[in-house]
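There are 4 protein chains.
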Amino acid sequence: MIRAGIIGSTGYAGGELVRILTRHKDVEIKWFGSRSYIDQKYASVYQNMFQIVDAVCMDDNMDELAGQVDVIFTATPQGLCASLVNEEILSKVKIIDLSADFRIKDVATYENWYGISHKSPQFIEEAVYGLCEINREDVKKARLIANPGCYTTCSILTAYPLAKEGLIDMSTLIIDAKSGTSGAGRGAKVPNLYCEVNENIKAYGVATHRHTPEIEEQLGYASGEEVVLNFTPHLVPMNRGILATEYAKLTREVSYEEVKAVYDKYYADEKFVRVLDKDVCPETKWVEGSNYVDIGFKIDTRTNRIIMMGAIDNLVKGAAGQAVQNMNLAFGLPEDEGLNLVPMFP
Amino acid sequence: MIRAGIIGSTGYAGGELVRILTRHKDVEIKWFGSRSYIDQKYASVYQNMFQIVDAVCMDDNMDELAGQVDVIFTATPQGLCASLVNEEILSKVKIIDLSADFRIKDVATYENWYGISHKSPQFIEEAVYGLCEINREDVKKARLIANPGCYTTCSILTAYPLAKEGLIDMSTLIIDAKSGTSGAGRGAKVPNLYCEVNENIKAYGVATHRHTPEIEEQLGYASGEEVVLNFTPHLVPMNRGILATEYAKLTREVSYEEVKAVYDKYYADEKFVRVLDKDVCPETKWVEGSNYVDIGFKIDTRTNRIIMMGAIDNLVKGAAGQAVQNMNLAFGLPEDEGLNLVPMFP
Amino acid sequence: MIRAGIIGSTGYAGGELVRILTRHKDVEIKWFGSRSYIDQKYASVYQNMFQIVDAVCMDDNMDELAGQVDVIFTATPQGLCASLVNEEILSKVKIIDLSADFRIKDVATYENWYGISHKSPQFIEEAVYGLCEINREDVKKARLIANPGCYTTCSILTAYPLAKEGLIDMSTLIIDAKSGTSGAGRGAKVPNLYCEVNENIKAYGVATHRHTPEIEEQLGYASGEEVVLNFTPHLVPMNRGILATEYAKLTREVSYEEVKAVYDKYYADEKFVRVLDKDVCPETKWVEGSNYVDIGFKIDTRTNRIIMMGAIDNLVKGAAGQAVQNMNLAFGLPEDEGLNLVPMFP
Amino acid sequence: MIRAGIIGSTGYAGGELVRILTRHKDVEIKWFGSRSYIDQKYASVYQNMFQIVDAVCMDDNMDELAGQVDVIFTATPQGLCASLVNEEILSKVKIIDLSADFRIKDVATYENWYGISHKSPQFIEEAVYGLCEINREDVKKARLIANPGCYTTCSILTAYPLAKEGLIDMSTLIIDAKSGTSGAGRGAKVPNLYCEVNENIKAYGVATHRHTPEIEEQLGYASGEEVVLNFTPHLVPMNRGILATEYAKLTREVSYEEVKAVYDKYYADEKFVRVLDKDVCPETKWVEGSNYVDIGFKIDTRTNRIIMMGAIDNLVKGAAGQAVQNMNLAFGLPEDEGLNLVPMFP
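Protein chains in written order, with UniProt numbering: chain V, 1 to 346; chain A, 1 to 346; chain D, 1 to 346; chain U, 1 to 346.
It is worth saying that the hints were derived from the structure and are not from the lab. A few of these clues could be false.
[To be verified] What follows is a set of in silico ranges between Cβ atoms, one per label pair, in the way DEER data are often shown: (1) V107(V) x E137(U): 55 to 61 Å; (2) K105(A) x K278(D): 30 to 36 Å; (3) Q78(A) x T208(D): 39 to 45 Å; (4) D269(U) x V190(A): 41 to 47 Å; (5) G187(U) x G187(V): 39 to 45 Å; (6) V280(V) x D269(A): 35 to 41 Å; (7) D169(V) x D269(U): 38 to 44 Å; (8) P77(V) x Q51(D): 35 to 41 Å; (9) K249(A) x S36(D): 43 to 49 Å.
[Unchecked claim] Below 30 Å or equal to it, Euclidean Cα-Cα: the simulated DSS-like pairs (lysine-lysine) are: (10) K41(A) x K265(V); (11) K249(A) x K164(D); (12) K25(U) x K271(D); (13) K260(A) x K41(V); (14) K164(U) x K265(U); (15) K278(D) x K189(A); (16) K25(D) x K271(U); (17) K189(U) x K41(A).
Note that beta-carbon positions come from the ideal geometry of N, C-alpha and C, so glycine has one too.
If we strip away everything but chain V, and leave its shape as in the complex, we get (with noise of 0.2 Å):
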């Protein structure tokens, strides 16, 4: 049985991380940390685990957790974890890092887009960046996994195959994104407000959003080459959900078939990627509660792009799922214990 500690378990990803792993069989959950709950029953914060979840939250002391645990989970602000590991914490448990502070190899990029100085840059370097799909036989032997964001991990797995394969012209690419509304946390602020969401589609965060820099590196290992781009993240009303439409040039005349093949190429065989059939464009809501990408496209010839669509559950395979994900090819199970979850419609 793998004990797991949670940093940060009553905002919204940490409270998924909570749904997924009550279910998971090898594992238990040890340690419910939330700062602003101590001490009261974590069934009182979210009411969906009465009778299900008996503990109650602590505080948020990593040095003591990683005697107790074989891994935490911070599902924390931005420079939370970075703060609190250590040399020692990390020779007693995995570390998987909801937070972006150890997804981004260059410190000055991260410290230039974040607004925050990294205090832990040593385990930069050592740090694997959790997008499964990609970097899978890394993450088995990692102790410390950055798990990726979910506008990017959306945004990667949707371009990856043709960015590999050279099919795009990266300095045409242009993401435009739109996610629901748990993407913005559970802290109490105006804009998130029902009233302020609701009846409303806003772009923001225009040409400076964080998940920008994430992205390029991602694409740029991909492709061989610098990638710049532009991505638009949206806020829509409703719950769950990133959808990601992306454009880009094609590099040569290509058919629907050969892109298929392509993606065929990365994705036939793994679980959570569902290359869909011709001409269906993924949906937000095919795949929510679940772990999957759903990934379509289409050639246009008149401009003579290619537009890609994929959509993810931004709380599942953009946070806690793909953190489990990370966690069981950490731990040697079986990539989908506990993820085989079927996405619930309507």
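We have chain V; now place chains A, D and U onto it with these hints.
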């Protein structure tokens, strides 16, 4: 391995049966019946099942089906199950009917409220009303199970202990219920369009809704007297969930603790019924996607009334989940097999 | 030109006052009070008013304000208006208070339900309860108008004619109300976040909601007896709208036509009350953005109860629209000036 | 008094025409055409109009209608207006067609994208494309006005000044648009059901949507070159609103101030176009119920692209509001008569 057939597998309740049974370790779905989509891939109708279900939809041939499976679920319009069932079929398979055909013991009452003549009144007596928490032992032996309605499941279980123990004056019972829109089914009708339901709430079927006699009959059994009550359903802009707010005069002065003890007497050992802590009101979101019934109550000494509140997911405990619970009982499986669904939040 | 000041202009009710008064041909808003946004452009808080309102937000100085305007609207938390008002102010301007401070005639009842001590009990007697359809003549002469609550406006008007005419047994009256989320205000609180409200319905304030005594007092005046009733509010995932479903025993056998005639007696000449056709249930969407109250009813001969239903837009007839209606009356303008708002659909 | 007839008055765009014209001081609606609801009271189809509109729905007889009114609005499926119009009708009344029949100057393009043959190609040349801000003078003299599409209105106005001034490379223009569901009309179809749209976002009509050639034609006129672009619409779970996010390479280095000056050159005097303050992104909620177009932009020096964003209410500026604006121009009324609608928030 139990072989199951579903007639009406492409309605919302049918789709939920597929979602649940797909992850039930003792069941294999052999027949995806759907008049509307014969020969089409099931996953093209419910894209969430892509790469999970490979089958194509088949016609509603219950005679043929009866020879191939152990249990048939009918998630069909009123009257269809009664028109198809016969002794030969019942001698071969168990039938779990999600329609209202066998829920009401008095044929005249059925025909009066539903406006159709009953095609198989000879099986009404035998049919077991499949409200597991109340009729568990009968369900275990049944060939023909009448799966309760969504509103009725929620309404009955919320009031049952107090009705049974004589704590409430049944002549004063009023049930004001609110339902998500999936309860209206997947038929293409203007009143169910997004723009008509969204940003709107209304009552409907006031004093005439068909679930009324079903509730009255069952609460009549519980209280030992004839029950005539007001039941008012409302349509709420959300996909899933039913909340029943129930009002009744108390027959004597009681304390919170006494009422709590009565609820616990009936439900403390029930896996799927959660009686919430004092002053906690149930919310439909806390049970979404799960088979739970959440119950809360408040005594109002000013009016000598008790306000009871119950919440379910109408497609799970109100339809498919309860149907699977009935199947588990009827086939001697653990009652919660395949139903350990954690509510999804948010 | 009537000069108006609004204290609390950046809450949702305040914002709606601005929306309506901006198009009122006889009013000019001179003071946009908002403690939270002092010196900020009003249109930066409510971007819908960009290029419509150029003013900046000002502090809540009622003394200063009283010298500059003809009418002050207070859309503020409970207790604030009572703490600011005095004889000098009332000698200069009319005050229309959207809070509860002057709605309840009995100070003890107010202090008991609201949990605060009343700072200006000397003005309670003078204050006119501004339910225009009922207290029209008094409103015309008032200096201090207590604008009714949103739930109360809907609840009272729906039952008023039958209470007044003795057709319903007041001891059996139960009001089950459902409200959109703007009723909870613009404060940043976790329970009002999009992800907490969306796809969810719950009761709250069961047997303890503060609008209860206000409803009881007014319906007591109507029926000529002391009224004690159950009022249960529910939070619905929509921005605007209140639906009240009300249940009561009939005091004698009545026909549809008789009840209709009673409603018509009181409302046939009322511009803002629409008694719907037979068997038509009110829907909140049909009154959205307007000052209408839509009313329908159904007699249930089985239970000898009548089910009355009323729908309003909580921010218009339930707050700002009614406040403007009161202002029109108090200043001798046509009652519907600025209020000829057609409901928006969809 | 202008006498107006509406053919297709019970669709969502037709309903919005009724809402607006009902409060237009110079217009009287004489004919509520609706094939689906002939002889039914209009207010029974749109209950919001109860006690506001007393008329019954009539058949779509344009010949008869032409003799009774001064202007006919056709809010009908593609092809209907073209099949009904003729010289005699045009000699009597002005026609404002909300369908696509006369929007595209090249018949072959129309027939190719819409898949139907054009029944009145002889009037295409004469028809004026009713985008008021661009074709104001022509609209004033027109007999036949092609009211622009919802997506197109938003897409064109957002990019127009930069296209006209040569600031953007038209071959790089990509339009990613998001629409509320009222754009899909009131037809009863499964994909438009509440449960299918709610909690979901998807792209549709990728590379094939019919508004594409309309946008290309108009931006081609503006830029003076042939334009071929990508336009991708998305369905968003909200009733109203379109947001267009547009990407293009800048043709030269420009500052924020320069771009702002270009927008101001074209829109500073336009009542219905609001160019927002620096770094403010348009949100559909801020224009809901109004005739405004809100525009914002961001220059991304990293990619040398500009991201332009425009928001409208698809039923107002995207349909009925613009139609009334066209009518006002064509009849010599103040352009904003009846259109001083303040956006509703929340």
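A quick look at each hint next to the structure:
| no. | hint | verdict |
| --- | --- | --- |
| 1 | V107(V) x E137(U): 55 to 61 Å | 59 Å, holds |
| 2 | K105(A) x K278(D): 30 to 36 Å | 33 Å, holds |
| 3 | Q78(A) x T208(D): 39 to 45 Å | 41 Å, holds |
| 4 | D269(U) x V190(A): 41 to 47 Å | 42 Å, holds |
| 5 | G187(U) x G187(V): 39 to 45 Å | 41 Å, holds |
| 6 | V280(V) x D269(A): 35 to 41 Å | 47 Å, violated |
| 7 | D169(V) x D269(U): 38 to 44 Å | 41 Å, holds |
| 8 | P77(V) x Q51(D): 35 to 41 Å | 37 Å, holds |
| 9 | K249(A) x S36(D): 43 to 49 Å | 46 Å, holds |
| 10 | K41(A) x K265(V) | 24 Å, holds |
| 11 | K249(A) x K164(D) | 25 Å, holds |
| 12 | K25(U) x K271(D) | 19 Å, holds |
| 13 | K260(A) x K41(V) | 20 Å, holds |
| 14 | K164(U) x K265(U) | 11 Å, holds |
| 15 | K278(D) x K189(A) | 22 Å, holds |
| 16 | K25(D) x K271(U) | 19 Å, holds |
| 17 | K189(U) x K41(A) | 20 Å, holds |
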